[in-house]
Amino acid sequence: MTEKKVRVRFAPSPTGPLHIGGVRTALYNYLFAKKQGGDFLLRIEDTDQNRFVQGAEEYIMESLKWCGIQWDEGPGRDGPHAPYRQSERKDLYRQYAMQLIESGNAYYAFDTAEELEEMRKRIEAEKGNAQYDATTRGSMKNSLTLNKVETVAMLESGAPYVVRFKMPENEEVVMQDIVRGTVKVNTSQLDDKVLFKSDGMPTYHLANVVDDYLMEISHVIRGEEWLPSLPLHVLLYRSLGWESNVPQFAHLPLLLKPDGNGKLSKRDGDRLGFPVFPLMWNDPKSGEISSGYRESGYFADAFVNMLALLGWNPGTDQELFSMVELVNAFSLERVGKSGSKFDPAKAKWFNHQYLLKRDNKDVAVLFDLILKDRGVYEPIEKVTRIVSLVKDRVNFVHEIWEQSAFFFNAPESYDEKTVQKKWKEDTPDILNQVTDVLKNLEPFTVEGIDKALHDYMEQHEVGAGKLMIALRLSLVGAGMGPDLKEIMVLLGKEEVITRIEKAIRVIS
RNA sequence: GGCCCGUUCGUCUAGGGGUUAGGACGCAAGGUUUUCAUCCUUGUAGCAGGGGUUCGAAUCCCCUACGGGCUACCA
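Our numbering runs 580 ahead of the 1-based position in the first sequence.
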C-alpha cells in the first residue's frame, strides 16, 4: 500500500435537510481524517437539477458547522481542487465519458423512456431479470447495435442520448471493505448503468469516481446503501486506467428507526416526537417545518457524542467524549456491521451529562435568554445560583424554567395532593409562629434559617415533615424543588413572609 | 422476484474457541433527602433457529428464518 496522504470527503446531495444518518457519515469521515492527520473535504453533489432544493446546501453547511465539523476544502474554502460543487465542474465529466466510449468500456444509447419500459415489461413477463445488460443491450438502440454511420447520424441529428457503462460479462469482482471485509459480486448480476445523462450532466456514479480521483481521495466512507454499486465504481476506476488510485472503501451501517425496523426517516421523527435533523428545517415547497436538535435544546457536543457512539465504540467503557477525544479514539475497525436503532431516551441522557458538566455560569447565560423571553429580568449572579440548584434535575436548559419558575413568580395555586396530606388543622398557627421567628431573623442566611427552624421545631415539638412541607407548599406551591433554605435566601425575607401569609389565607 | 449486507439483554454495545456472557440507557426495588429530582446500591433482561467442525462453540463452517439495502437518464 502506498503511503498517500489521507483525504476523505463528505458528498451530500442538496435535495433537502441533512438527516442525522448523514451527519454521522460526515462525522466519521471527519474523525477518521483528523485522526490520520488528513484532509476532510465537502463536495456538493448537485448533478440532479430536478431534485435541487433551495436552501439545502446552506443547511448542510450550517449543520456541519454547528457540529464542529470543519471542512478543509469545499464550498467557501477553496483548495487546489476547486470548485467543489459538481454543477460547477460540469464540463469535466464529458471528456471521461468520451474516454470510456473510445476505450470500448461505454457506449451511446438512444432508447426512449417508452422503449426502456417496453423492454422491462417484456423481460418481466418472461420472469427474467429486467435490466439493461449483456443479455438485452443487443436488442436495444445503441452504438453497439447501430453501425458507425448510423450512430454518427443520430448524434448529429441532435437526438437525445445517454452514455452507458458496458458491464463486462461474467467476471467475479472481489473487493475489500474496511468494515465488511471481502465482498464478491459477479458482473453478470450488474447492469449497464447510465454514466452520463441526456441533460449533459453525469450521474452520481461517474461524477463521484471522477471527482474522487481528481481530488485524490484516499478513503471513501459512506452509507451502506452504496455497497451494491461498489463493483461498478471499482470497475470504473479500472476502465479509466486509475487502478493504482482506487481508494479504500468503508460502508457504514444504517441508522434505524426506534420502533420496528427500517431506515430512520423524516416521518419517524414527527411520529415519535424527536428530531431527525440537526437543525430546524422549513421546507420551501411544502412550508412544512421539521424540528432540529439545536432548536430542541441539545448541546452540539452532546449531539455529536451521542451520534458518534451509534455504530462505533471505543472498546472501553468510556461514553463521554469531547470532539478531540473522539478524534483520538476513532478507528474504522471499531465500526460495527449492523444497523443501529436510534434511542431518543439515551440522547436525552447524553444532554443531561453535558448539562451537568457545563459551568453554572455558562448555563445561566443561556437560561437568562429564556428568562428575558418570559419578561423576567434578574441579576446574572442570582440566575447562576438558581441554575446551580436545579440543573441536575433537568435534561435541557429550557426545562430549568419548569423547575425554577417559583423563584420568579409566587405560586398561584397549591398542589392538591400535598395540601390534603400535609396541611393540617394546626398548620396556620405553626406557620404564623414561624413567620414571627423569621421576621426577627438576622442575618437571613441558610445557616441562620436552618438553626432558627430547628430550634423552633424542637421547642414546639413539631416534626420536620410537618413544618418543612407546609413551608415548601407556601413558597413553591408544590412538594418539589431544591433545598428549602436556599429557596428562602434567594427569595428574600419579605417575599418569604408574604408568600407564607398568602398561603395561610388561600389554603385555609 | 434477483443481487448484496446483517442478526449478543427492550435499546446502544463489549466479547472473535474454555467468561458466573461485561458495561451503558431504560425499567424496578432499596438507601440518602424535610419534598420532588439528582445521587448511591441492588435487581431485571440477551447469544434468531437447526445442523455440523471440535474434548469444548456467542465465537469457525453450512442451511433456514427474520430484518435491511440496492435493483431510475436519484443521490
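To be clear, the hints were calculated from the coordinates, so they are not data collected in a lab. No experiment lies behind these values; they were computed from the predicted model shown. The reader is advised that the hints may include incorrect statements.
[Stated by the list, open to error] Simulated crosslink set (DSS-like; lysine-lysine; CA at most 30 Å straight-line): (1) K846 <-> K962; (2) K846 <-> K865; (3) K645 <-> K921; (4) K585 <-> K764; (5) K1001 <-> K937; (6) K997 <-> K941; (7) K1046 <-> K997; (8) K1004 <-> K1073; (9) K926 <-> K937; (10) K1046 <-> K1001; (11) K777 <-> K843; (12) K937 <-> K997; (13) K1019 <-> K917; (14) K670 <-> K701; (15) K837 <-> K645; (16) K728 <-> K777; (17) K837 <-> K928; (18) K837 <-> K921; (19) K764 <-> K846; (20) K917 <-> K997; (21) K997 <-> K921; (22) K1002 <-> K928; (23) K1031 <-> K1019; (24) K707 <-> K721; (25) K707 <-> K670; (26) K1019 <-> K962; (27) K645 <-> K1082; (28) K1004 <-> K952; (29) K645 <-> K952.
Verification of the supplied hints:
Of the pairs offered as hints, the one joining K846 and K962 is violated, with about 41 Å between alpha carbons and a cut-off of 30 Å exceeded. Restraint check for K846 and K865: the C-alpha separation of about 16 Å stays at or below 30 Å, so the hint holds. Restraint check for K645 and K921: the C-alpha separation of about 25 Å stays at or below 30 Å, so the hint holds. This hinted pair checks out: K585 and K764 have alpha carbons roughly 28 Å apart, not beyond 30 Å.
A C-alpha spacing of about 37 Å is found between K1001 and K937, which places the hinted pair above 30 Å, so the restraint is violated. Taken as a hint, the K997 and K941 pair is broken in the structure, with Cα atoms around 36 Å apart against an allowance of 30 Å. Pair hint K1046 plus K997 holds up; C-alpha atoms about 14 Å apart against a cutoff of 30 Å. Taking the CA atoms of K1004 and K1073, the gap is about 24 Å. The hint holds against a cut of 30 Å.
Restraint check: the Cα-Cα separation between K926 and K937 comes to about 17 Å, which is no more than 30 Å; the hinted pair holds. Note on K1046 and K1001: the hinted pairing holds, with a Cα-Cα distance of about 10 Å set against a maximum of 30 Å. Distance hint between K777 and K843 is fulfilled; the C-alpha atoms sit about 29 Å from each other, no more than 30 Å. At most 30 Å may separate the alpha-carbon atoms for a hinted pair to count; K937 and K997 exceed this at roughly 35 Å.
With a CA separation close to 68 Å, the supplied pair K1019 and K917 exceeds the 30 Å bound. Pair hint K670 plus K701 does not hold up; C-alpha atoms about 34 Å apart against a cutoff of 30 Å. Simply put, K837 and K645 have alpha-carbon atoms about 25 Å apart, close enough for the 30 Å limit, and the pair holds. In summary, the hint linking K728 to K777 is supported, as the alpha carbons are separated by about 21 Å, within the 30 Å threshold.
In summary, the hint linking K837 to K928 is supported, as the alpha carbons are separated by about 17 Å, within the 30 Å threshold. The suggested pairing of K837 with K921 holds, with an alpha-carbon distance near 5 Å, which does not exceed 30 Å. The suggested pairing of K764 with K846 is violated, with an alpha-carbon distance near 33 Å, which exceeds 30 Å. Among the hinted pairs, K917 with K997 is inconsistent with the structure: their alpha-carbon atoms are about 52 Å apart, more than 30 Å.
Only pairs whose Cα atoms come within 30 Å are accepted, and K997 paired with K921 is rejected, the gap being roughly 40 Å. Taken as a hint, the K1002 and K928 pair is broken in the structure, with Cα atoms around 34 Å apart against an allowance of 30 Å. Of the pairs offered as hints, the one joining K1031 and K1019 holds, with about 14 Å between alpha carbons and a cut-off of 30 Å not exceeded. Simply put, K707 and K721 have alpha-carbon atoms about 22 Å apart, close enough for the 30 Å limit, and the pair holds.
Pair hint K707 plus K670 does not hold up; C-alpha atoms about 39 Å apart against a cutoff of 30 Å. For the suggested pair K1019 and K962, the alpha carbons sit about 22 Å apart, so the restraint of at most 30 Å is met. Restraint check for K645 and K1082: the C-alpha separation of about 51 Å exceeds 30 Å, so the hint is violated. Distance hint between K1004 and K952 is unfulfilled; the C-alpha atoms sit about 39 Å from each other, more than 30 Å.
At most 30 Å may separate the alpha-carbon atoms for a hinted pair to count; K645 and K952 meet this at roughly 27 Å.
In summary, the numbered hints that this structure violates are 1, 5, 6, 12, 13, 14, 19, 20, 21, 22, 25, 27 and 28.
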